[in-house]
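Those protein sequence lines, which keep their order, are chains A and B. Numbering of the first sequence is given in the working numbering, commencing with residue 1 and proceeding in unit increments. Numbering of the second sequence is given in the working numbering, commencing with residue 1 and proceeding in unit increments.
Just so you know, these hints were derived from the structure itself, not from any lab. All C-beta atoms, glycine included, are put in the ideal place defined by N, C-alpha and C. Just to be clear, a hint being listed does not mean it is correct.
Stated by the list, open to error - Not the full set, but computed from the structure, chain A residues with beta-carbon under 7 Å of chain B:
{"id": "1", "residue": "Trp89"}
{"id": "2", "residue": "Pro92"}
{"id": "3", "residue": "Ser96"}
{"id": "4", "residue": "Ala110"}
{"id": "5", "residue": "Val114"}
{"id": "6", "residue": "Ile140"}
{"id": "7", "residue": "Cys144"}
{"id": "8", "residue": "Ser174"}
Stated by the list, open to error - The list that follows gives simulated cross-link-like pairs (lysine-lysine, DSSO-like), each with its CA atoms no further than 30 Å apart:
{"id": "9", "chain 1": "A", "residue 1": "Lys301", "chain 2": "A", "residue 2": "Lys286"}
{"id": "10", "chain 1": "A", "residue 1": "Lys118", "chain 2": "A", "residue 2": "Lys200"}
{"id": "11", "chain 1": "A", "residue 1": "Lys115", "chain 2": "B", "residue 2": "Lys365"}
{"id": "12", "chain 1": "A", "residue 1": "Lys231", "chain 2": "A", "residue 2": "Lys328"}
{"id": "13", "chain 1": "A", "residue 1": "Lys121", "chain 2": "A", "residue 2": "Lys200"}
{"id": "14", "chain 1": "A", "residue 1": "Lys121", "chain 2": "B", "residue 2": "Lys43"}
{"id": "15", "chain 1": "B", "residue 1": "Lys43", "chain 2": "A", "residue 2": "Lys115"}
{"id": "16", "chain 1": "A", "residue 1": "Lys118", "chain 2": "B", "residue 2": "Lys43"}
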Amino acid sequence: MTQEVKFYQTGTFTVGNRLLDEGQRTVQASVARSNALTSGHRACQGCGEALGARFAVDAAMRATQGQLIAANATGCLEVFSTPYPETSWQLPWLHSLFGNAAAVGSGIAAALKVKAIKAGKAQSEVRVIAQGGDGGTTDIGFGCLSGMFERNDDVLYICYDNEGYMNTGVQRSSATPPGARTATTVPLGPNPGEEFGRGKNVPLIAVAHGIPYVATATVADLHDLEAKVEKAMSLRGARYLQIFVPCPLGWGAASCDTIRLARLARETGLFPVFEAEHGEIASVTKIRHPAKVEEYLRLQKRFAHLFGAHGRPDIIARIQGIADKNIKRFGLIAEEVAP
Amino acid sequence: MIDQMEGSLAVARAVALCRPEVICAYPISPQTHIVEGLGALVKGGTLAPCEFLNVESEFAAMSVAIGSSAAGARTYTATASQGLLFMVEAVYNAAGLGLPIVMTVANRAIGAPINIWNDHSDSMSQRDCGWIQLFAESNQEALDLHIQAFRLAEEMSMPVMVCMDGFILTHAYEQVDMPTQGEVDTFLPPYEPRQVLDLAEPVSIGAMVGPEAFMEVRYLAHAKQLMALERIPEIAAEFAETFGRQAGGLVRGYRTEDAETIVVALGSVVGTLEETVDALRADGVSVGLLSIRSYRPFPLAAVRVALAGAKRVVVLEKAFSVGIGGVVSGDVRMALSGIQVQGYTVVAGLGGRAIMQVSLTRMLKEAVADKLGPLTFLDLDHEIVNRQIAREAATRRSGPVAENLLRDVGTVAAMVSPRGAA
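Whenever a hint applies, use it, and build me the whole structure from the sequences.
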């Protein structure tokens, strides 16, 4: 690594970590961590994407002994990390376009494979990740993503899902949840915010491709996120990880609530956390402290039109319905065992 | 070795001799036989090690090429027509990033109306994208230009498009002289990238550049193409030394000395024009021909030298800019800046319409008599155009234009009319 990790970079819970056993501490708390995305970048305070990217890429760096190359879609992550001549990336990194990160990743992987064969190796020790936001993944980059999955190219694609086009000023994407206000789904009319019945579940679409590994994670559970990245990097072929990363700016939430919102998204059932291998769901993270969606929605101005004197309890109930359906579909709440 | 084969196969074999490490393929007529040929060479183990990726679109093809080229692999792809348009964002990106990808464009018309046959609308639409564009006159030259293209692209860190006429060249069986692997290896050294995704020296490629340096970055791309203007003839000369035949270069003149009228063209139509020029010369008409082989960078000086002595210049184009006329004509006029020359633009062969020697002869005779209009569409059927204009004046809902014209031509009428069936 070209930059030393500074103490203030070692995570919010550094001090708390020291109270834990060695084995329970996050690797991120150590100054010995790989530090792929270093300090000084221009992400907003409380940016879930910056946190998710740092943990995901660092975990991938550790899993590959630093032999990692990244392709990056256009978006917040690209913009805040690299205005030339500055760059926060401490690994070889390529930004091409908004909609082609998965294909660029495929190209890098193909080149590495040929280089490995020429060096007398069966496969490349240098590995590839491609990453982008939800717009670059579920919308404009979807064709390239599906192509990379279908060919089973040796790429881990990481989608940082903040449920909208934040870089361009908070517009609606196919990952924007129903009821949410964005600049293109204004809270007006009989159906304020994003319409119900739209949107795309890309983790399940990835599962349907039958690729070796698909997982979802949130920045509320960074150990789980790291473990999933490690698992993904232990496998070959196409892999997909969607990380739920709250956006304080786009969601109208307090910067200090990023982790809380990510935890509530999981605990309400709105964002199911699971793993799938070769087209089958392999594990789900059970909800430990069930929460109602209202608690999650109230913390975000993008849902403010659902509350107050002119609130829409009916819409809140429909959103609760989505969470309940997820809980049932993925078995997110452990069955009560009779004493 | 002299052999008889399809143009596409000749190109596939020549590309294979260049030892590409990654090839990405998405099928579009008339490019298909090239990537099929390469796919077979990879699958059969003749071309190894090489990764052949069947991708899901041309946009993905160019994106995969960007990734593999940035990772230091010699990279090739091929496309045409709608496919070239579908990948445009990545085409500009590859040039902006300075990645030496080589791509064949099997020139084909652009719809609507959909049309699979040859003209130059596709590559002409990309003349400003920052790629070098070389045009092949024959299958032998297409083959030879690909070998030169890898050398040029990698030296300049700039992508190169080799344009060859769809069907007319890609699907034509001609005699070609296929070089040996040893000859190609002598001419084309292994790829040494200027920038590469390397663990030992991690760089960020493709980050944002603001107003403080964007102009300079873009200007450098232009300056590098001007440098390529010098390297293209040098590489062609080195090629001639190694392979014993001429190919490439900036322009090629044919009987231009003392010619009063010179016709300028690109691609396979040059062959027909040579014969037309010969016939006219035999009749005592003072005509010559200039073939533009490097369209981007455009050889302003070479074109000026070749045309400076002529009284009139006819630019024959297989594409046109709707609303003004010629595309190449504008560049030729720029080359002749300050020189008093009678200039004519002739648009010909759109959508695969055959360019006949008899039409060329008639057109050139009119030009020599200064009876040609400034912008002429060769063999245009004015009657059916006028009928459609009249139809549109008479009826608001005049229907699909293309269908109306074809009914007037009679093709559809003949197929559907009871008389035709009888």
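How the hints compare with the structure:
1. The criterion of a C-beta within 7 Å of any C-beta in chain B is met by Trp89(A), whose closest approach is roughly 5 Å, and the hint holds.
2. Annotation: Pro92(A) was flagged as interfacial toward chain B, and the flag holds, the nearest CB pair being 4 Å apart, inside 7 Å.
3. The interface hint given for Ser96(A) holds, since its Cβ lies 5 Å from the closest Cβ of chain B, which is under the 7 Å cut-off.
4. For Ala110(A), the interface hint holds, the least distance from its beta-carbon to any beta-carbon of chain B being 4 Å, beneath 7 Å.
5. Satisfaction of the interface hint for Val114(A) is found here, the shortest Cβ-Cβ separation to chain B being roughly 4 Å, below the 7 Å cut-off.
6. Restraint check, Ile140(A) versus chain B: the minimum CB separation of about 10 Å is more than 7 Å; hint violated.
7. About 5 Å separates the beta-carbon of Cys144(A) from the nearest beta-carbon of chain B, less than 7 Å, and the hint is met.
8. Proximity of Ser174(A) to chain B is violated relative to the hint, the smallest CB-CB distance being about 19 Å (cut-off 7 Å).
9. Distance restraint check for Lys301(A) and Lys286(A): the Cα-Cα separation of roughly 28 Å lies within the 30 Å cut-off, and the hinted pair is therefore satisfied.
10. Restraint check for Lys118(A) and Lys200(A): not satisfied, since their Cα atoms lie roughly 41 Å apart, outside the 30 Å limit.
11. Taken as a hint, the Lys115(A) and Lys365(B) pair is broken in the structure, with Cα atoms around 59 Å apart against an allowance of 30 Å.
12. Pair hint Lys231(A) plus Lys328(A) holds up; C-alpha atoms about 26 Å apart against a cutoff of 30 Å.
13. With a C-alpha separation of about 40 Å, the suggested pairing of Lys121(A) with Lys200(A) is violated against the 30 Å cut-off.
14. Taken as a hint, the Lys121(A) and Lys43(B) pair is honoured in the structure, with Cα atoms around 20 Å apart against an allowance of 30 Å.
15. Distance hint between Lys43(B) and Lys115(A) is fulfilled; the C-alpha atoms sit about 18 Å from each other, no more than 30 Å.
16. Of the pairs offered as hints, the one joining Lys118(A) and Lys43(B) holds, with about 17 Å between alpha carbons and a cut-off of 30 Å not exceeded.
Comparing the model with each earlier hint shows violations of hints 6, 8, 10, 11 and 13; every other hint is respected.
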